[in-house]
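*Asks:* As a plain string of letters, each chain reads:
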Amino acid sequence: MFYRENGQFKSSYRADQQIFPIAQDRIAILVLLLVAFIVVPLGVSDYWMRAILTPFLILSLAALGLNILVGYCGQISLGTGAFMAVGAYAAYNFQVRIDGMPLIASLLLGGLCATFIGVLFGIPSLRIKGLYLAVATLAAQFFTDWAFLRIQWFTNNSSSGSVSVAGLNVFGVPIESPVQKYLFCLVFVVVFALLAKNLVRSAIGREWMAMRDMDVAAAVIGIRPVYAKLTAFAVSSFIVGVAGALWGFIHLGAWEPAAFSIDRSFQLLFMVIIGGLGSIMGSFFGAAFIVLLPLFLNQLPGWLGFSISTALASHLETMIFGALIVFFLIVEPHGLARLWSTGKEKLRLWPFPH
Amino acid sequence: MGFFLETLFGGLMVGMLYSLIAIGFVLIYKASGVFNFAQGAMVLFAALAMARFAEWFPLWFGFESQILANILAFVAAMGVMVIVAWLIERLALSKLVNQEGITLLMATLGIAYFLDGVGQTIFGNDIYKIDVGMPKEPLMMLQGTFQGGLLLSQEDLVAALVAAGLVVVLAIFFQKTATGRALRAVADDHQAAQSIGIPLKRIWVIVWSVAGFSALVAGIIWGSKLGVQFSLSLVALKALPVVILGGLTSIPGAIIGGLLIGVGEKLSEIYLGPMLGGGIEIWFAYVLALVFLLVRPQGLFGEKIIDRV
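Protein chains in written order, with the numbering used here: chain A, 1 to 354; chain B, 1 to 309.
Just chain B, with the same shape it has in the complex (with noise of 0.2 Å):
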């Protein structure tokens, strides 16, 4: 019972994780109806720049402090993401308004790939440490109630209380603020928005920023806990089924999508693994898409799209 719960703890952490990177599918995908491929990339982006400022600012200003570096990175690092979203709207996607989604989804991928190779080039291609202060040890709970215990990672619930914060800060930004409903708008009818004077392209630079701001946030947790490699872009893609099975339009769904994924990841490759050979993981979040997209292909909580013939 003990190591169930364990595992089942450990899916649900992985999938806070999944989730944190779905939301910024979501947000662009709701404000502009861009199936974003290039999130991945930007997670290692941000992540990249994250790591490497707090390594280089003690540097150049001459400084201790790994509070201050870290402060001074993030800050460095938000920035640069928001010059990342200005670019990608000024040279990509105001020349591609009203092109198919399927245009629009491959020039992510150019994004992505770009991003990749620029964000490689300045910063380096090795491995590299976030140190946040996270705490690493592990955590005892529930002795009495077990034999053995249960064993919790203090780190991974650290990431899924900041992963919570993120969640709310984003609610509260898009139901109160007056940019917020803006971006509501904008999400519902395009034309309609622009019509009564939002500024469209001001919109879609802000909900990329955002979208950085949540692959920053991203890309440091899961930065710290394996290190910022390339392979951080890769971890983007388990997003993806995340977002099918949640709904493409629905932020409650990418965070209980990305929990059912990360859950049923773990307690797969636990009980399911031994008898497929192992490994079961890399695959698992996309049949598992893949099936329930059969079943309902609007996804949990995914506006449904009516398509009469």
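Bound-form chain A, shown alone (with noise of 0.2 Å):
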């Protein structure tokens, strides 16, 4: 009824061409947005501001990150964590070794540094695909551990091993409490979805998509192999390091390796899966899912009057992650965009089911 595009007419390329080509469209995001930066800010409290939907927006730009290499590009990579820890190393000492360093800067610089590590083990993608290439970005996992661990440069010489930020400020204003942290990182996420949505809309997407979906008959048409995945090697690693830039200085304040481990590398993966490869919008339901489902897993026994011990809850925890990984695979291939998406078009049609 209400989620109609009839009457909605195009009359010039731009109109077209726009990323929310229907108006509902468009004021439901701009109504999210004002939810997102007004309404939680005054009505969430600060629990929820940082236990959950701070980490829950970090992790959701580290998806988006990962997403362009897996979903948009194919190129499958287990070692997301390792290019998380290198955005967060990189600003660290960017942060601490210059002086009067802008936080945003050294972010983003945690970000290129990343773009370098991401694109020096992306190389090995030029010979090798799929199952081999899952194995060489596990070699960046295990060599950033041990090096981030082993090397004392990178920390600082810290003797714990665990490095810390504080006093973070941008332009004068510090970034002390949850909902400055949360609105920081907000800013971050808004800007970067859509500027990867821009991206895989425009040539250079389309390549990696083409890249995806079949390399040969996309080298045939002209499409240069070497461009298009270490571009989206590129992006990628710029995206997560950021994330992982964020991840530290932001949701942890102080961390050490263990932070940016194999397992986060496994769960950024799994928030892919789930949340819909090759989506953007997918790839933030994938990170709300996998943050708000070991909530409510420890919830549910509570609800249902009883209890049970935390190691068998995180025991459940696995496995329900795992039962669902396959179950997507099966059933839902483009996870859960794919059912907004179906939402979306039965509300086009709705009443009238046809």
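What the hints contain is simulated information worked out from the structure, not anything from laboratory work.
Since this is a predicted model, take the numbers as computed values, not measurements.
Beta carbons are placed, not taken as given, at the ideal position from N, Cα and C, and that holds for glycine.
Mixed in with the good hints, there may be bad ones.
What the hints assert, rightly or not - Quick partial rundown of chain B residues pointing at chain A, CB under 7 Å, derived from the structure:
1) Ala92
2) Ile102
3) Leu105
4) Gln120
5) Asn125
6) Lys129
7) Trp283
8) Val287
9) Leu290
10) Phe292
11) Leu293
12) Val295
13) Pro297
14) Leu300
Build the complex: two chains, separate frames, hints provided.
*Replies:* Shown next, in the form of structure tokens:
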């Protein structure tokens, strides 16, 4: 009834090619942004802001980055945690070694370092693909785990091996309270999501997708595999690196290499699979799902009136994650994002079935 | 010299155990084209089942003999692995036929998580012992040849022998039995095998069971060395570079790759480690495999995939 596009005529290419061609979508996004920027900071408790919404935003950003590589370009990566770690530690080094370094600049420079490492580990993708590449990216994971633990220079010779940042501020405004942290991350996520959305719609995004769908055919029609793959690695690791820096700086404050272990890589891959491969929206769905599911599972026994031990709860959680991944791969390989778009299709026709 | 040889043999023993896990990978990849990320989880699961059954059976049935308990536990654990194989085929793989390699890889990742969760829910998550009576005392050899002699762990030696025996058994199984021939046929071409009446589904269950068997053997050996605990499934991550190095489709490749990586790891840790800050065992295997991939993408003995553009 309300979600109808008839009557919305496009009379210019510009109008035809905008990100959200349907007026209702535009309004919905606007409302969503207003809620995220104004209502949430006013109405949500500090606990939710600090423990759920901020991690959700940062992980969405990382999932977005990974989705560009895995979902759009078809290069599977199990080393996302490594690129997050590079982003975080590089940003930390810029922050502590250069006096008066602005926070945003060090975050972005951290992302740039991650880009460099990402491209470096992306080079094997030119010769190997699929399964082999997954192992190659694992190399990145294990190498960075080791490097940040053992090479003292990266942690500024801290004796405990963990690093911490304090007194963050942007243009003189401190980033201390949960609300400020939330808003800071939100701005990053919105900007990057917009950039990513536009990138995947552009020529380079279509090259990535051609590469993913059939690399031989793509090469035949004149897409350079080297360029397409390496740009996907670069863009993806930049976003992942910035997300890693945000995770360290804003969410954790103090961290050690274990914060970016192989489990983090798998977790992000799951977000991308469950949310939807090759969908910007899906990255957010996936992150929300994976952040909220453990909370839900922890609460559920209480609601049902019995209690289980924390160890059992964590085993059940792994079990359910595993089962869900297989389930999604079988039933809905395009993830939650596809369910969302199916829902929208249905709404367009509603109340008439056809 | 003695020290060098000790390191070398230590590496070879560890390498043999890596190969044992790697063989599980290769079997499944050969017969179904699935890169089985769940092999590590299967090793943990099988070892947990074995350790716990060996503990439970004497309590349930009221006997004392350790040997009998071990034998029964082995049979029961093998039974569990066959059921796991059947369930994996039934619930996941048969529904994912004809999907891309990446999808299947991610499905096995899901299976790995599921098995980790189930295993620890049913069997508990402490450190358990497997005691199959492996000799523990080290062995002194060649005292006349070198100063200080050569110190070898008997346990490792037995493990290596068992691994070698397993490889021989698998080779005979593949070469001489009808089922083995069917497995090789399926490995060559799914469709052709199916069209001459080889039941694909049953073959997959068999392959996963055999992989479960090799996981069980690997789990018992690793488990009696290190104790059965969650980190066992991480040891299996070492088997990935082994298969890459050896070639995904070659059992000899898995063995030689395992030995190379075991030796390389130990030697590099001893001779390069101090220069780099130690602990390089974590990544050495992976970086070696990575460098190797750039030179020879199909691995030492893998089939070359021709891909013209």
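*Asks:* Look at each hint and say if it fits the structure.
*Replies:* Verification of the supplied hints:
1. Ala92: holds, 5 Å
2. Ile102: holds, 5 Å
3. Leu105: holds, 6 Å
4. Gln120: At about 5 Å, which falls below the 7 Å cut-off, the nearest Cβ of chain A leaves the hint on Gln120/B intact, so it holds.
5. Asn125: holds, 6 Å
6. Lys129: violated, 20 Å
7. Trp283: Given a least distance of 4 Å, the restraint on Trp283/B holds.
8. Val287: holds, 6 Å
9. Leu290: Given a least distance of 4 Å, the restraint on Leu290/B holds.
10. Phe292: violated, 10 Å
11. Leu293: holds, 5 Å
12. Val295: violated, 9 Å
13. Pro297: Check passed: Cβ of Pro297/B comes within 5 Å of chain A, closer than 7 Å.
14. Leu300: Check failed: Cβ of Leu300/B comes no nearer than 14 Å to chain A, outside 7 Å.
Violated hints for the displayed structure, listed by number in ascending order: 6, 10, 12, 14.
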